[in-house]
Amino acid sequence: MEKIVLDVPNLWADHHTLQVRDALVNLGGVEDVYVSSAWKQVLVVYDAAKIDQGAIEKALAGAGYPVGEGGAPVLAQPTEKRRDPKWDVLGFRMTETNRADVEMSGDFRKW
Numbered sequence: 041m042e043k044i045v046l047d048v049p050n051l052w053a054d055h056h057t058l059q060v061r062d063a064l065v066n067l068g069g070v071e072d073v074y075v076s077s078a079w080k081q082v083l084v085v086y087d088a089a090k091i092d093q094g095a096i097e098k099a100l101a102g103a104g105y106p107v108g109e110g111g112a113p114v115l116a117q118p119t120e121k122r123r124d125p126k127w128d129v130l131g132f133r134m135t136e137t138n139r140a141d142v143e144m145s146g147d148f149r150k151w
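Letter by letter, the sequence shown follows residues 41 to 151 of this note's numbering.
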């Protein structure tokens, strides 16, 4: 099995991931497809004896998602004015919903 990672610049929303997956998953020789709209990339696991990279790229282009030089996704970088220095110390943050808030919201009664 071969693996390829393709940059797909037109891939920017979750519904695009479904369309890309549908375009590739039924191709003969394609074993698995992983699509990330966040990274604008598609990872394809395929049998090189049955299909080649060119056919995979052609199927993507036919579905409206041509392979290109997408590069890394654009990630929002905080400015110094809005940067929170605690992120550098803590590394991550977790929140916990207070049970009283859930009970007051009405959702608690559903469960």
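By construction, these hints were calculated from the structure, which means they are not laboratory data.
A few of these clues could be false.
[Claimed, not checked] Label pairs and their calculated CB-CB ranges:
| id | residue 1 | residue 2 | range |
| --- | --- | --- | --- |
| 1 | V142 | K43 | 41 to 49 Å |
| 2 | T135 | S76 | 39 to 47 Å |
| 3 | T137 | Q59 | 33 to 41 Å |
Even for Gly, the Cβ is constructed at its ideal location relative to N, Cα and C.
A quick look at each hint next to the structure:
1. V142 with K43: 41 to 49 Å: Holds, since V142 and K43 (Cβ atoms, about 44 Å apart) stay within the stated range.
2. T135 with S76: 39 to 47 Å: Violated, since T135 and S76 (Cβ atoms, about 25 Å apart) do not stay within the stated range.
3. T137 with Q59: 33 to 41 Å: With a Cβ separation near 35 Å, T137 and Q59 satisfy 33 to 41 Å, so the hint holds.
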